[in-house]
Structures are given as structure tokens and as C-alpha cells.
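Residues per chain, in single letters:
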Amino acid sequence: MSGAETGAELRLVTPGEAIGASTGVRAGTGTLSQGENIIATRLGWVKELNGTVSVDPINAAYMPRSGDLVIGVVESVRNNLWFADVNGPFNGLLPMSLAPWKVEFGAARIHMDVGDVMLARVQEVDEAHNVVLTMKGVGLRRLKEGMMSEISMNHISRLRGDGDSTLRALKEASDCRIIVGENGRVWVDGDAAGVSFMRQVLDLVRNGGHRATFDASLEAIMNDAPGGVA
Amino acid sequence: MVELVPSLLRQELAKLAEADQRIDGRGRWDSRDITLETDCLYNAEGSAKVTWGDTIIYAGVKFEVRTPWPDRPAQGSLMCGAELRPVAGRKYEPGPPSPQSIELGRVVDRGIRESGCIDMDALCIIPGEKVLGVMIDIHVLSDKGNIFDACALGAIAALRTSTVPAERFDIGEDYPLAVSMTPTMCSFTRVGGRYVLDANDEEELGGDERIHITLGDEGHLHSLQKGLKGTFTPAEFAEILDVAQSRCAELAALVNSKEE
Amino acid sequence: MGGYGDIQLLNEDGSRLDGRAIDEMREVEVEAGVLPAADGSAWVKHGLNVAVCAVYGPMEAHPRKIQRQDRAVIDVRYNMAPFSTSDRIRPGYNRRSREISKVTAEALESVVLVERYPRSKIRVEIEILAAEAGTRCVGITAAAVALADAGIPMRDLIVGVASGKVEDIVVLDLDKAEDNYGQADLPMGILPTTGEIAFLQMDGDLSVEEFNTCLEYNMKAAKEIHVLMVDALKRRYEEKNGGEA
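Chains as they are written, first to last, in my numbering: chain A, 1 to 230; chain B, 1001 to 1260; chain C, 2001 to 2245.
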């Protein structure tokens, strides 16, 4: 998503900077219509698509939206619900009724305790930003093995690649199971060599995800991948 | 704020330790890269900035002229304090000094004080009336693990490059503070069941107790501290003390290279 | 402002003691993204002042009583390091830093799109590492860059600038001696694109004409510093883009 991928003209803007005239275009995310101009509200790359001007932020906090696949960490357990840190401003809430187990009142901790890691989906976000999670759905579960790491929001698309092509190649090269949560958390499970390779890849994403040379650097370390697929 | 420790992190650190590996690829006794700058702050009479991996701290030295303590009329004083303000990380909260920041300041203070590198008698101006007080303040700006070693390094580097502002105090010409030794600290954290040198933030989060060792020029011990829940064996201590001996000498050489 | 007594603040030829022209500001350097632990950060050197700012959030506002149902609160702490001044400052909050924190927070709330993050808080930690005069302004500049670096949506940046009066002459950007012995000081936080004012304090003695000259100087300086702020933010990522653009 960072401008480097599009190959088109790259324009980096800062908050308050005029992007262009507001006539004939809509002000999309990361922008505001102010007088005759559209101005940027975030540091990021200008994008114009179907008459809408927006700014792709370079850095952004995760803001949960309904339907997001997220990796959460249990922060506290009550008699009939779990609170989970989902890397956003507010904890997500998983009610007993949306858990994948038949839970008796007061026995929630048996299934998932503080510090445990879950793969969940955002069921609903209300106006006051309360986040309700669900674990009812294919593949949603407690993640008992593997390692968890974080990358920034704007690097998620670099890790996935067009139509998840990069992610597929990485899964093959590392021979690991990999889940990229919409909340910037990445889960990896496999043998030691595969996990260690993926740790290297995630470091590259964190430190070099903005660079135009990212794809080339990634290809270079893929050659050393345990799966040997380059 | 109590940090949440994901169960997967502890599992992973244990697995890595079994294979004699670390989460960031370092060897067990490897340190992260260190950059030391001195004389970097206007208004401080001695200053240092330490960039230790992604951990960043500043240390500044100030002097004051004060009346001596009644029981030591011909001796000056030394004080070292650390601040762990909310700037340093998400987990730090505003409020009065936390037990953690007091521990940090006192452990660094002891290492410098007990090494005897400052001659308290030399800080006397007029016995019974006027002595110099030396104050080292440490400010942690970015905590990404092992702030103890970074703070100890910054403190001694700032001290060794400081100038007594004698003119401002009307007691003669400015002169460099005499510091006879370079005590440095080495910290070890139990991660995945075994000790490692210079733990990063993830290793600290998913790790257990830590041991701080301050050594002077002769390799003598000047300050020790065990922090957090956990126990260790004499054999384990002997092993890390051995590592500390060579590592502290390297850190002291780094500090000494900053002086003309 | 203190009395100016016998201290001479201007040279015979009307220039200032440090050689600057009356409408010339001290040298300014800005850097973004300097603290790895923070969500956004900035370092600003203005003359001999050094300010560092870390931004954390948006995060859940605690305690609950500070939460706003319709917007985020901006929680600013302006703090001077013990070694930042010629006489050591005892660590801890004092009345001065509390007041500066409050008005700085309100200034930042005027540009941050706080309504995007109901019930949350954004922590802004301003640390003054070296103080020469005008630290509150340097802190505001650093805070604006750190907020932008953290990806917090804002309708403009804010630039902290000050003008004042020494020996009956209006000058831009008071240094330490001018601040201590001058007759007036007018710090402002200016939105560089729109020219609106989000932060204003003043003490001393100014005529309306003198105030207007101060305002004009401040506006001019804000534009100059804004260029450096924008450059700091863009430099960080354009460099990373390997010159592809």
C-alpha cells in the first residue's frame, strides 16, 4: 500500500498540507475538505481512486472494525466473559455465548486464562468503541503453540503482497503456519528453523517495510529459507 | 501499569534457550550495539547520551556548593538518582518516583560511590563551612530493555567528563572533576531458564529474575543487586561473574576513550 | 519579566549580543522518530534548548473520570530534566510545569481530530533536556512533530514561537539574557498553514503597536520552522524509500 508499490507518482504529505482543489473530488480517509482545498490530516502517501482523494498513513493505530480477524491476548477473565488486548485503544470483550466451548458460569478460566493467545473475529464495534469479539467460526481458536510478533498497520500489506502472494510464498519457504491478524499481530508456528527464518522476515518488515528495496531484500533472504523455495 | 505477558512468549523463550538461541539472534553472552556520546547537553556540567540497542538514556551532572554534614565537616557529597518518567515507555505512569526508579538510581549510585572513584575529601572547599555536592541525574527516554547497564554507563561517562564550575561559585578557575576509576555494570536476566547478558525488552517481559554486577578497575565487586522473583545457585553466579569481568573491562575502555 | 537595570542587551549598532538581527531567530534543528519505545517521537534543538517528545496512544483513558464520551483527551506532561538548567531542578511536578502542560494540551486539542477517538487518551510526554529560554515553545513544536509521526490525525501542525521586547525594541525569539532582562515575552503556538493561533501567553509590557510587530515576527518564524518540521517528517520516510521517487 505504501506508494512504492504503485509505481505511480509518489507524494508524501504532512498534516495541514494542501493536496489539491476540492472541486470534483471527494475527500477520503486521511483528508479533510477545508475551503477550496483538500488537506491532509496525516503523514502519509496521497492516493487518488475513482474520484476520491485519500492519504495512506505511514503510521496508524489499529482501529477495530467489524469482521476483522485479530490475534488477542487475554487480559482478564470474569465469570462469564474474557477481556482481550487486541493491540487497539480498547480491550475486546469475548462473551461466553460467543466462545467455542460450552462454558459453565464461573469456569471461563479453565478454557482460556490471562496471557493466553486467541484467534478471534471482531463481531461488532459500537459507537462508543466497545469491541465485541467472537470465536465462533472456522479456524477461530486458542493458539496454544507457536510465536506471536507485532508489525505496524501499514506493513500488513507488504507482508501479504498482492492477493496474499508474498504470504503464500513465505508459508512455503518457511514450512510454517502463518496468520496475519488485521490488528498487526502475526502468529507463526512450525519447526525451529522455519520460525527462526520467519523471525528474520518480520524484522525485515519492521525495519525495511517502507523501503523500495523491500521486495529485493525479501527475495534475498528467501534464498536461505529452510524450505529452499526461492 | 502491569504488562501483560503472553503465554506464547514464555513458551518460545524456553524453546529458544533449549537450542541455545536468543529471540533476536544474539549469542548468550552478546550485547547489543552501544553508542556513547559525551558533552551533549548545554547547562549540564557533564553529560552523556547512551544508545544501547533501542534503549536511550541521558545522564547529566550538576554541582552545588553546600554546608557539609555535621559528622563529615571536611567531605563533599555524591548523589545519583534516576527518573523513569512516562516518556520511557507505554508501561510507565505519572506519579511520585516508583520503587523501580528508586532501585535503579540506588544501584547505580552504590556502584559509583563504593568504588571510591570520587575522593570526597577533595570536594571540600572550607572545612566545616563549604563543600561541593556532585549530583548525577539519569533520565530514561526509551526503555527497550536493560536500562540498568545503560544508566550506569551514562552516569560514569558523564561524571568522568564533567567540569567543576568553580568560577560560577567564586572558588577559582573551572577544573575537570577528578575521577580515579571507571566502575561499570553488567546485568544478567534469567530467560527461558538460563541467564543471558543484556536482555532486550521481550526477554525481560517473558523472563524472570535479574542480577546486576558493578565492577571496578581491578575487577573488584562494588555493587550487587538481585531483582525480581526467583533464585540462583552459586555456580550460576560464578559463571556470570566470569562473563562480567571481561564485559565490564570493555565498557570501561569505551568510557575512557571519551576522555582526552 | 525582570527589570533590565544596567544590563545592556543590544549592541551600539542595534544588533543583538549574539549577533542576530532583531527579526532573526536562533538556529533550529528538527528530527522525527528518535525514540524506539514510543508510538511517535521528535527531537528539537532550538538555539541551545533541547526538547524531546514521545507520544503514546490512542489508548484507553484511565482513570475513567477523565474519559470523554465524544472525544479523546490529550494528556500532556511538560517536564524539565534536573540537569536542564544552570541550577539543578528538583525532580517532580511544580506549578509552572503544570500550567504549561495544561495550556499545551489545550493547544494540541485544537488541531488533533480528537473526535475520532472517543473515550481514549493520547499521551504527550515533553522532556526538556537543556533550557536556554523559550522551552515551552520548543516543546510545542516537538509535540506537533511527534503526534504527526505517531500517525495521529490533525488538521494542521503547530509551531511554538516567541517574540518580545528588549530595551524598547521588539525582537524575535528571545535568548536567555533577553528573556531574563527584557521587558516582555509573547510565546505563541501557530497553525502554520492557516495562521490561526492555538497557544498564547504573554508577560511584561507591550504597546498595541509592539504587540502587532511581535505577532508579525512570530508568523514569519512559524513559517520558517514549519519547513523544518515537514522536512523532518518526510526525510525519515523518503530516505527509507531508497530514492525511488
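Calculated from the structure, these hints are not laboratory results.
Every residue, glycine too, gets a C-beta built ideally from N, C-alpha and C.
Heads up, a few of these hints could be off.
For each label pair, taking beta carbons as the anchor points, the in silico distance ranges come out as [stated by the list, open to error]: (1) A/N130 <-> B/T1233: 46 to 52 Å; (2) C/D2070 <-> B/L1004: 53 to 59 Å; (3) C/E2196 <-> B/K1015: 55 to 61 Å; (4) B/T1231 <-> A/A107: 31 to 37 Å.
Computed list of lysine to aspartate or glutamate pairs in EDC-like fashion (alpha-carbon distance at most 20 Å, straight line) [said to hold, decoys possible]: (5) B/K1015 <-> A/D189; (6) C/K2234 <-> A/D56; (7) A/K136 <-> A/E172; (8) B/K1091 <-> A/E75.
To give an idea of the chain A side of the interface with chain C (calculated C-beta under 10 Å), a few residues [claimed, not checked]: (9) L10; (10) G30; (11) I39; (12) G44; (13) P57; (14) A61; (15) M96; (16) S97; (17) L98; (18) W187.
A quick look at each hint next to the structure:
1. A/N130 <-> B/T1233: 46 to 52 Å: 50 Å, holds
2. C/D2070 <-> B/L1004: 53 to 59 Å: 29 Å, violated
3. C/E2196 <-> B/K1015: 55 to 61 Å: Roughly 56 Å apart at Cβ, these two residues keep to the hinted range, so it holds.
4. B/T1231 <-> A/A107: 31 to 37 Å: 34 Å, holds
5. B/K1015 <-> A/D189: The hint holds at about 12 Å.
6. C/K2234 <-> A/D56: 14 Å, holds
7. A/K136 <-> A/E172: Violated. A/K136 to A/E172 sits at ~28 Å, over the 20 Å cutoff.
8. B/K1091 <-> A/E75: Holds: B/K1091 and A/E75 sit about 15 Å apart, inside 20 Å.
9. L10: 4 Å, holds
10. G30: 7 Å, holds
11. I39: Check passed: Cβ of A/I39 comes within 7 Å of chain C, closer than 10 Å.
12. G44: Hint holds; A/G44 Cβ to chain C Cβ min 8 Å, cut 10 Å.
13. P57: This interface hint holds because 5 Å falls under the 10 Å limit.
14. A61: At about 6 Å, which falls below the 10 Å cut-off, the nearest Cβ of chain C leaves the hint on A/A61 intact, so it holds.
15. M96: 23 Å, violated
16. S97: 24 Å, violated
17. L98: Hint on A/L98: violated, closest Cβ of chain C at ~21 Å, above 10 Å.
18. W187: Status violated, d = 22 Å.
In summary, the numbered hints that this structure violates are 2, 7, 15, 16, 17 and 18.
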